[in-house]
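Here the protein sequences line up with chains A and B, keeping their order.
Under numbering that gives the first Met the number 0, the residues of the first sequence are numbered 0 to 371, in order.
Under numbering that gives the first Met the number 0, the residues of the second sequence are numbered 0 to 290, in order.
Don't read these hints as lab results, they were simulated from the structure.
Just so we're clear, the structure is a prediction, and the values are computed from it rather than from any experiment.
Cβ coordinates follow ideal geometry from the N, Cα and C atoms, glycine included.
Misleading hints may appear alongside valid ones.
Unchecked claim - Reference listing, derived: stretches of chain A covered by chain B, where coverage requires no fewer than 3 residues with Cβ under 8 Å from a Cβ of chain B:
id	region
1	36-42
2	45-57
3	70-78
4	175-182
5	195-209
6	357-368
Unchecked claim - DSBU-like cross-link-like pairs, simulated, lysine-lysine; straight-line CA separation at most 35 Å:
id	chain 1	residue 1	chain 2	residue 2
7	B	Lys193	B	Lys280
8	B	Lys90	A	Lys195
9	B	Lys280	A	Lys362
10	B	Lys202	A	Lys195
11	A	Lys161	B	Lys280
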Amino acid sequence: MTTISIPLLKRRLPVGTVVLVILFGLGIMAALFRWVDGFQRMANISDSRPWGIWISFDLLVGVAISAGAFLLAATVHIFHIEKYRPILRPALLTGFLGYVLVIIALLVDIGQPQRIWHMLIYQNLHSPLFEVGMCVMTYTLVLFIEFSPSVLERLKWHGVLKIIEKISIPVVILGITLSTMHQSSLGSLFLIVPYKMHPLWYTAWLPLIFLVSAIAVGFGMVIFESVFSSWIYGEQPRLDIVRGLSRGLLITLIVLFAVKTLELLIAGEIGLVFQGSLQSNMFILETLVGILLPVGILLTRKYREDLTWIFRASLLSILGLILNRLDIGLVSMAGEPYMPHILEVAVTVGLFSGGILVFGLAKRNLPLEVAD
Amino acid sequence: MATQNGKRLSRRDFLKLAGTGASGLMLAGAAPDTVHASSEGQLPLAEHKALLYDATRCLGCRVCEDACRHYNNLPHEQADDLSGSNFTVVKRYESEDGTLVSYRKYQCMHCVDPACASACPVGALHKLEDGPVVYDGDKCIGCRYCMQACAFGVPRYDWSLAYPLIRKCELCYQREAGAACAEACPRQVLLFGKRGELLEIAKGRIAAEPGKYFEDRVYGEYEAGGTSVLILSGVPFEAIGLPSLDEEPIPDRTQWALNIVPLIFFGVGGGMAAVYRRTKKRSEGQEEAES
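In isolation and in its complexed conformation, chain A is listed as follows (with noise of 0.2 Å):
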């Protein structure tokens, strides 16, 4: 690995941990500017573009990807199947870092972030909005108890990894509830634009096509994590485990393009497609990205047993879901043109670099692999 010597340290590190220092610097920056000077100079979203990227990517790409956390806690811990155990640790810990920086874009995100607890006593249960944020932060501290075994066998606190280990399948369980509650309510959030929304990607079906394309890239996730990670730390990659995550991940994502489909047939909408619109050019590339060709990769012989292709495969999945959020949340909306100023990008790719920075310490400093 190439590394460049840091002065202030003494020592070397590797290039990509020093890029990624900097851009998490840069972002904490970008926030901070928007905590003390506001959005005026540093964001592009207006009163006819109330939502833009921190929204969209931030949160919805966000919450999607982590995904895999809850899909593996269940597959794991409440379907018993023992062969996916060495790669919980890393998933729910993905995860988990995922939701923090979920929460710590929508302090950016919104006006008044020193009043984000009035969610807890000013609650509007006709509002999607209220369920996600409630769901959001009950199953963000959920992961941090599924994740503190591997913390607290590091730290030998024996005493709490037992009650921990008691709790756990009841709070697994409250995981996997939560997650299908607000991983679905994410496109209800969109059901009250009925006017604003392109009618491509508006539709009643929103919450279930929210909650199937969680899963998917959940399951790509998991997949790009797994193969990735093995390669940086050049450790020997799971065939098998990464075979069956590639199996789930094909089947979710023709039940994506079937539930799509069926919902365009039923609404008589399927033209709207080939309309040639920039709507519709966005609609086809994203279904082509995240479903199309990493179905046909998947469903290829020769490639499906291919750890290069699944990694492929996985990687589109991810590019797909990206597209569709972004699609969802900017696309297809009705108002002025909107793009992200370039200290709301930085705020977005720093909190992601922060992501990988610490999933990195992790790896060096707490026992991910060793099965519990």
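Model the placement of chain B on the given structure of chain A, informed by the hints.
Below, chain B alone, put in the same frame as chain A:
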């Protein structure tokens, strides 16, 4: 509310019934029979405070804007759109050669079933029992979901602040004499009163001069379940920026999804518990067989 008017059982009432049924499963703390935040303890719709704006009579003097700014302590400068410091604006619509098509006064429509109020996670927006949709800045977390939810693009953000709040027209709900804008209108283009009475006046005008008003109907009588701001126009509604909305209250689009949340909670939770017990036995059986 539709049944109060002696109408058939609407989709909305059906959802309300369905919601009450599902409420047996609601989480602790959930209010069971409140499918619509706005339908609690409301006065009859005809009694609601309302405005009638007749665009065919408006000369665009914009005195109403001044009165609004004065009453709401907003900066005294004419603006060309609603904003964090401007709650109403009269826009001039021209044809391509510059001749006047119509004026249109923009402001909060005070929906019968406001999407903003249903969207707000902390209930900072709510509909008063006598009609106005009001805002409590002390609760607001600044998430801008109300701005996203409003089909009329009414709620605005005070972007000049580092910690912005939402700003919008509240129909001068604390003002004894009613809406300041209507009181200031020199030609009574804009009338303040009870919704039922204003609807009658509007329909009277339509009946007196058939064909004068677009589609011989009042905008806001049924749109998105009805609004407290009623508009008469001589030109197509869309030509003066009024969106074409069906009669379904916008919050109904979301409510069914929230009504099934308890089902998901207990369904998924119970299902997972059942799977856990089954597969646990099986994996224990396997272990015994192996050992």
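### Query
Counting residues of the region 45-57 of chain A with a beta carbon closer than 8 Å to any beta carbon of chain B, are there 3 or more?
holds (count 5)
### Message
Would the hint linking Lys202 (chain B) and Lys195 (chain A) be met if the CA-CA limit is 35 Å?
### Response
Answer holds: Lys202 (chain B) to Lys195 (chain A) is near 30 Å, not above 35 Å.
### Task
Verify the proposed pairing of Lys90 (chain B) with Lys195 (chain A), using a straight-line Cα cut of 35 Å.
Holds, because 22 Å separates the two Cα atoms, which is no more than 35 Å.
### Message
Cut-off 8 Å, C-beta pairs, minimum 3 residues; does the coverage of the region 70-78 of chain A by chain B stand?
### Response
Since 4 is at least three, the answer is holds.
### Message
Under 8 Å between beta-carbons, do enough residues of the region 175-182 of chain A, three at least, approach chain B for the coverage claim to hold?
### Response
holds (count 4)
### Query
Between Lys280 (chain B) and Lys362 (chain A), is the straight-line Cα distance small enough, at 35 Å or below?
Since the Cα atoms of Lys280 (chain B) and Lys362 (chain A) sit roughly 34 Å apart, the hinted pair holds (cutoff 35 Å).
### Query
Taken at face value, is the distance from the CA of Lys280 (chain B) to the CA of Lys161 (chain A) at most 35 Å?
23 Å, holds
### Query
Quick one, are Lys193 (chain B) and Lys280 (chain B) close enough, alpha carbons at most 35 Å?
The hint is violated at about 68 Å.
### Coverage criterion applied to the region 357-368 of chain A (partner chain B; beta-carbon cut 8 Å; 3 residues)
Our answer is that it is violated, as 0 residues pass the Cβ test (under 8 Å) against chain B, missing three.
### Task
Between the region 36-42 of chain A and chain B, see if three or more residues pass the 8 Å beta-carbon test, and mark the coverage as holds or violated.
With 4 residues closer than 8 Å to chain B, the region 36-42 of chain A meets the three-residue bar; holds.
### Task
Mind taking a look at whether chain B covers the region 195-209 of chain A? Criterion is 3 or more residues with CB to CB distance under 8 Å.
Satisfied; 3 residues make the cut.
Of the numbered hints listed earlier, those contradicted by the structure are 6, 7.
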